[in-house]
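Protein chains: 2
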Amino acid sequence: MPNHLKSVSFIGSGNVAYGLGMELRGHITIDKVWSRNSEHASRLASKLDCIKAQSLDELHSSDYVIFAVSDSAIAEVGYKWNESFNGEDHDIIIAHTSGNVSSEVLNPSGQANKYGVIYPLQSFTYGRKISMKRVPFFIHGSSDTVIKELCDLAGLVSNSIHIMGDQQRKNLHLPAVIVNNLVNHLVYLAEQVVNSDDLKIEYFIPLMEETVKKIKSIGPKQAQTGPARRNDVEVIESHLNRLEEFPELKEVYKLLSNSIINLYHENNR
Amino acid sequence: MPNHLKSVSFIGSGNVAYGLGMELRGHITIDKVWSRNSEHASRLASKLDCIKAQSLDELHSSDYVIFAVSDSAIAEVGYKWNESFNGEDHDIIIAHTSGNVSSEVLNPSGQANKYGVIYPLQSFTYGRKISMKRVPFFIHGSSDTVIKELCDLAGLVSNSIHIMGDQQRKNLHLPAVIVNNLVNHLVYLAEQVVNSDDLKIEYFIPLMEETVKKIKSIGPKQAQTGPARRNDVEVIESHLNRLEEFPELKEVYKLLSNSIINLYHENNR
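Chains as they are written, first to last, in this note's numbering: chain A, -9 to 259; chain B, -9 to 259.
By construction, these hints were calculated from the structure, which means they are not laboratory data.
Watch out, some of these pointers could steer you wrong.
One copy or any two copies: either way a pair holds, since identical chains are not told apart in the list.
[Stated by the list, open to error] Taking lysine-lysine and the PhoX-like style, the derived pairs with C-alpha atoms no more than 20 angstroms apart in a straight line are:
| # | residue 1 | residue 2 |
| --- | --- | --- |
| 1 | 123 | 190 |
| 2 | 190 | 206 |
| 3 | 119 | 206 |
| 4 | 123 | 203 |
| 5 | 211 | 190 |
| 6 | 160 | 190 |
| 7 | 240 | 160 |
| 8 | 42 | 70 |
Bound conformation, chain A alone (with noise of 0.2 angstroms):
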């Protein structure tokens, strides 16, 4: 386990930094965490049991520095720490974790040699622990050595690694927002309905879970079901009728019971 003897430090304390440095640990050691704000640091670092830095140059001592910022963040951070050096060469491999920002932005000088991306794609949330052997994992980096070394990182944690471009990451971005944060909305909106009569969310739970495995399993095409996909016009009308409350959930409704009736039954086009 060669990694033992290397260190990881974090700039930033939060989510992405609390999934990934829980995961590192044990793996490999988890030198530092610095941020902007003191006190989550200090949180974060208690939690990962390392130290709290006070500067960016205290990173120094560090393997790797992961940048786990906001992506408007990660500019001014690459810039900041490029500056910690005074011109100095070092031989430290830093890497944000975004999926939407160049890996170019952490070379503002155009000096920098070891840098690049380790974009887990997964939504973390502070304080909830996931396991990640089946997250996929995407690199990028600077030269052949520093995606190997970050590879390497990635492969302490998941067993789903892929090299990939700063574009075609880009391209990521967008399916994994339909996919969790408008199907999370969706329910939310569901949820409203179901309120509205006192019944529970829960109750949906196994469906929700089901949903999934059948994507998983045939893919969505083949699991579609419903009154949609038979073109059950009159259970659609009802639905419409009861969405009346609801506006924007009628709209969405609408939108995809259209969609999926044109996708099975052509004649309807």
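Starting from the known structure of chain A, fit chain B onto it as the hints suggest.
Using the frame of chain A, we list chain B on its own:
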């Protein structure tokens, strides 16, 4: 295990009869299967290791007869079933499995006395065996005795049994369609975006699983993340541009994102 002495027959040989039958096997005697489609009846009878009935009369030997047929066929089969007795008294409990149809359609002559509903809130697929322990069953019946006996029957396969009237049960159907059928289609549409870049929908499965887990543990309102949650107009705009070639999905993306922004950023209303 008193129910081992009882027996159940199925009218219908589709997804629901398959799903329920496969689970009930081993807990109660499966007597016979009858279906308008004789070939399908043979196929299911062979799966359930029971007899294919040539006519409804042959099911008179059962304690329970489950009408696992499409919503539109329930009334017609209910009428035929009652006819098959020529006005004779009988003690068989009949129940349909639909969320949407009133229990009264099983009593066309007004003289039946043992009828009800055994509605599993789940999506069944022929050939796909699923664990039913946590699937909620909604029970309705023409008398307390019938309700009790249908609860006993459902209790053989599930730990989540709920007594619920016709109208409230019908109210379950719309949210079920949303969290199953509409979510499934939304994932299909996301897959179209993915495919156009030679990425794989499999990458998104752990994310979807985590989405459902988070909904289960903290609810969809708390679980929300993503660009619309942060009111990140720039990312949303870039996604909308990317969706130019998928007009239906673009519209759904816009509606749901606006709905998220309105929910979490009240001053945007």
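Here's how the hints hold up against the structure:
For the identical chains of this complex, residue 123 and residue 190 are inter-copy neighbours only, at 18 angstroms across copies versus 32 angstroms inside a copy, given an alpha-carbon limit of 20 angstroms. Proximity of residue 190 and residue 206 under a CA criterion of 20 angstroms is satisfied inter-copy only: 11 angstroms between copies versus 26 angstroms inside one chain copy. Only between protomers do residue 119 and residue 206 lie at most 20 angstroms apart by alpha-carbon distance; the minimum there is 15 angstroms, versus 23 angstroms within a single protomer. When the C-alpha separation of residue 123 and residue 203 is checked against a cutoff of 20 angstroms, the pair qualifies both within a copy, at 18 angstroms, and between copies, at 16 angstroms.
When the C-alpha separation of residue 211 and residue 190 is checked against a cutoff of 20 angstroms, the pair qualifies only between copies, where the shortest distance is 15 angstroms, while the shortest distance within a copy is 28 angstroms. Proximity of residue 160 to residue 190 under the C-alpha cut-off of 20 angstroms is restricted to the inter-copy arrangement: shortest distance 14 angstroms between copies versus 37 angstroms within a copy. Within a single copy, residue 240 and residue 160 get their C-alpha atoms only as close as 31 angstroms, which misses the 20 angstroms cut-off; across copies the closest is 18 angstroms, which meets it. With identical chains, the CA atoms of residue 42 and residue 70 are at most 20 angstroms apart within one copy only, with a shortest distance of 18 angstroms there and 76 angstroms across copies.
When held up to the earlier numbered hints, the structure conflicts with none and fits them all.
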